[in-house]
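Undergrad: Take these sequences, add in the hints, and give me the full structure.
Quick mapping for you: the protein sequence lines, in order, are chains A and B. Read in order, the letters of the first sequence are residues -10 to 541 in my numbering. Read in order, the letters of the second sequence are residues 544 to 840 in my numbering.
Hints were generated in silico from the structure; no laboratory data involved.
Calculated cross-link-like contacts (lysine-lysine; reagent style DSBU-like; alpha-carbon spacing at most 30 Å):
1) Lys764/B to Lys157/A
2) Lys617/B to Lys496/A
3) Lys393/A to Lys434/A
4) Lys792/B to Lys46/A
5) Lys694/B to Lys684/B
6) Lys764/B to Lys154/A
7) Lys822/B to Lys46/A
8) Lys169/A to Lys94/A
9) Lys764/B to Lys58/A
10) Lys767/B to Lys154/A
11) Lys648/B to Lys636/B
12) Lys822/B to Lys58/A
13) Lys684/B to Lys648/B
14) Lys694/B to Lys648/B
15) Lys617/B to Lys495/A
16) Lys46/A to Lys764/B
17) Lys822/B to Lys291/A
18) Lys764/B to Lys165/A
19) Lys161/A to Lys764/B
20) Lys157/A to Lys767/B
21) Lys792/B to Lys690/B
22) Lys683/B to Lys730/B
23) Lys792/B to Lys58/A
24) Lys83/A to Lys157/A
25) Lys575/B to Lys585/B
26) Lys154/A to Lys792/B
27) Lys496/A to Lys482/A
28) Lys822/B to Lys303/A
29) Lys764/B to Lys83/A
30) Lys157/A to Lys58/A
31) Lys523/A to Lys495/A
Below, each chain spelled out in residue letters.
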Amino acid sequence: MIWKIKLSFLLIVAVLCAIGCSDNRYYDEQLQMELQQLDSDLDNRWSTTGVVIIDVKPNGPAGQGDLEKGELVSYVIGERPIRSTGDYKQAAKKALEDDNNFIVKLTDGREIRLAVRKRGDKVGLEVDESRVSKVTPGSPADTGNIKVGDTIESIIDERNVRTLKDYKEALKEFTKYDSKVTFRTIELIGIKIASVNALGNLGDVRSVQPLTMILDSEGSTLRQPAAEALDRLVALSQLNTLFQQFQQANVDELPADQLDSRQRQSAEILGLLTSDLENNLVTLNDPFGTQFRHRSEALYEKITDGQMVELARKYIKRDVEPNQEIRRACISILGHLRPTSAIEDLVAVMEDSMEVPGIRFKAGLALSQIGKDSVDALIAAFDRGDASIKDIAASALGNIGGNKARNTLINALNTIDNPTIKLTLADAVAKVGRAPSIEALRRQKEALPEGSGLRTFLDELQVLLFNVESKYQAHLNSENISVELRQEFRDNKISLSQSAIISVQKKDSEWWIDDKDNQRVYIVRKESRKVEGKLNIYEPLETQSISYSAAN
Amino acid sequence: MKNCFKLPIGIICIAAFLIGCGSQNPYLSKGKELIKSDKRRKEERAAQQFKLAIQHEQNNAEAHYLLGYYNSEKFYAEGAPERAQASIEERGKHMFQAYQNDKRKYLEILVFETLRDRDVDVQNAALNALKRIYQQADRKKLLNSLKKAIKSNDNRDRHDAQWVLAALGREHPETIVPLLVDLLEDKRRETRLNVVRALGAIGNESAIPVLVEVVNSGSAKREKDREDAEIRGLAVEALGKIGGTAVEKLVEIVENKGSSMRVDAMQALEQLGDERAVKPLLDVLNEQGNREVVVNF
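TA: Here it is as C-alpha cells:
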C-alpha cells in the first residue's frame, strides 16, 4: 500500500516536472502580461539576452505603462528607498547578488554607479539611517566622490534578465518595496536591417512609403539600408516594361540583352537569367514571377510619381547627407529614373571636389544614363572644370555619344595637353565611334612619337563603327559573309572586298573580319552591356597588329 | 566411415575450384587486367571486353557492374548506336542487373562505394540502379541500407545517402518523408543535418510540421531538447524550399520575437518572393525597443 502511494507520488512529481520543464512561457499575474523565453542561441547569434513580451493586457499595469507586445526586456530596474541603516545594508547586498554594481541616488540629485571588482568586495560606505557616516578611502564610494554627510535617497539596481527565472526573481524582489519597476528594452537592429533588405528585394509597392519614411527620419541606423533597399526597388520598378512584355507571353521575341547592367542585377535578384529565355519562362511561371508581374505595375507607378526623384535629389547633397553610402544609393536611383530635373544637382556633385571620387564618377554615370538632355550641361562642366571634372565629363560624353559630344571631345583632344585627360578623351571618342572618330584618332596617333604612352594606348584602341541586328550571328558563326551582311557594311559606307574572310574568335560572341585587299580588320562583338543585344562592329586603329594575330 | 565422407567432399571442393577457374569468364578477366594496366584508352577497351563477357555469360554480376561502371558516352561518336548504350539509363540498368545476380554484395557496393565515385556520371548511374531496386526489387533492404549509410560515421556515406533519399523522396514522398522524419531522432548530429537537407530537397509539404518543430526547439527549456543552431537554420532553409503552405510557417517564425531564426526566415521568404511576406516584414520595422518604460502597479 505504502509502496503504491510512493509510486503515485513519484508519478505526480514526474508529471509536474514535465509540465514545468516544457513551459517556456510565463504569465505575470501582477503586471498582466505574458513573457516567453528567447531561443537559447539568440545570445550567440545576436548577442542578445532577455525575455520577450508576447502578450499585454491593455488595461493591466504593463499595458497602461505602454509596454508593447514583441518588446525584448533585457533589464528590469528597481529603486529602493533608503530610510534606515538596515534598508541600505539589505539593498546593497541584494543589488550585488546578480552583478557587481548598483547606482546610489543622492538627495542632491546625483546618481553614482558603484562597482566592485569581484563578488564579496565592499563598496566602502557606511550609512546611518540614510546619511553617509563613513567612506573608506580608495573604495569605489570614495572614487565615486561620495562624501560623509551626503544623504542617500535610494539604491537603484539593474537586473540583467537572461531567463524567465531571472525575470521572476527580479520582479519578486523589487515589488517588495516599491510600486514601480522600470523595464529596459532592446532593439534588434540586425533583425530590422534584414527586414529592410528583404523588402528591397521583394519589389512590393507597400514597402516604398515606410522605407522613404525611414530615410527621411533623423539619426536612424536603418537609413542606409533603407536607401539601398529603395535603390533596389527603383531598379525593380524599371523592369515593369519588361514584365509587361513577358506577360504578353511572347517570351521568345523578347531581346535577351535588353537590360543595362543594373537591371541585369535586378533581374538576377528576381532569378531571371536574361540570357536564357527558357529559364526565364520557367521563373516567370513560378509563383514569384506570376505575383511580381501583377505587382510590378503598381510599383512602377509609385516609384515614378515624382516623390522618389525629389527624395533622391535631396540626399545626394553632401551638406544634407553625411553618409556617403546613402548619397551613392540616391545617385543610383537618379540614374535609373533619368529625370532631367536632376541634371543640375548631379553636375554639382560631379564638380564637388570634396566629394568621394567614386561618387563623383557615379554622378557622371547617372548623367550619361539621363542621356542627350545632359550633353549641354556636361560640355559646360567640361569647359569650366579642372582636370578631374574634365575626366568625368569626358567619359560621360563618350557614353552618351552623338555629334555634339564628339565635336567637343575631338576639339579638346586637339587642344588639351594633359596626358591623363587625353587618354580619357581618346577612349571617349572611340566609344562615340563612326568614321569621324576614326579619322580624328588616326590624326592624333600620327602626331605622336613612337613608343609614347598615349600612342601605345591608341594602337590598341578599337573604334565603334556601327551595329547590326543579332540575326547576323548565325551568318558570322558559319564564317560566311552573306549578301545582307555585306549590304550592312555598304550602308555604313564600308565596302568589303570579295576576299574578306570571317574567323570565329569566340562562338556567339566575337568574330573578326579580315579584309586583306583593303588592309582593314573589323571586329564584331556581341556585348550585353551595350545597345539591345545588337552586334557591335569595331575597327582597331592599328590594323597591323590585329591582322597579324588573325593570320595566326 | 569418416573417410568415406571426407573423400567425396574433397573431390567436390577440387572440382568446384576447377570449374570456378574454368568458368572465370575470359573476357571479364581480360577487361579487369586492362583496367589494372597503364595502357592507352584502357577503360574504353575494357568496356568492350565487359560487353563480350556479358554476351558470353548473361548473368555475370561482375561483368554487368563493371560495364555499368566503365562504359561512357565519351568513347563513342555522336549518333553512334553504342553511344546510346552508354547512357546513364543503360549504365544504371547494368548496375541493376549486377544487383539482381548478387543482391547482397552489389547493394552494399552501390550504396557504400559507387556513390562515392568522383565521376558524376557514375554517381548518376548508381542512383539510377538504386531507383530500379526501389521500384522492382527489395525496397525494404534498400531503405535499410540507406538508413545505415545516413547514420554512418563517415561523412561521405551520410552525404551520398542524403542525395539518394532526396532523389527517391521526390518520386515517392509518401514512403521516404516518414522514414526521414523518424531519423530526426537520431543521436548523431550530422545524420540529423543530412536528414533536414534531404527533407528540403524533397520539398514535400508533409514535412512542414516536423521542420517547424525543429526550428522552434531553440526555446525548449531543457538543453537536450534544443536542436543545434545550424540544423535549425537548415530547417528554415528547407521550409523555404518547400514553399507553398510553408510560407505561413516562415511568417510565424518572423513574427516570433524570441526566435533566433527570424533573419533566416526572412531570407527564405525573400528568396521565395511571396507577397505574404511583405506585411510581417513591415511590422518588424515598427517593433519597439531601445527604451525605458516605467510600469506602476
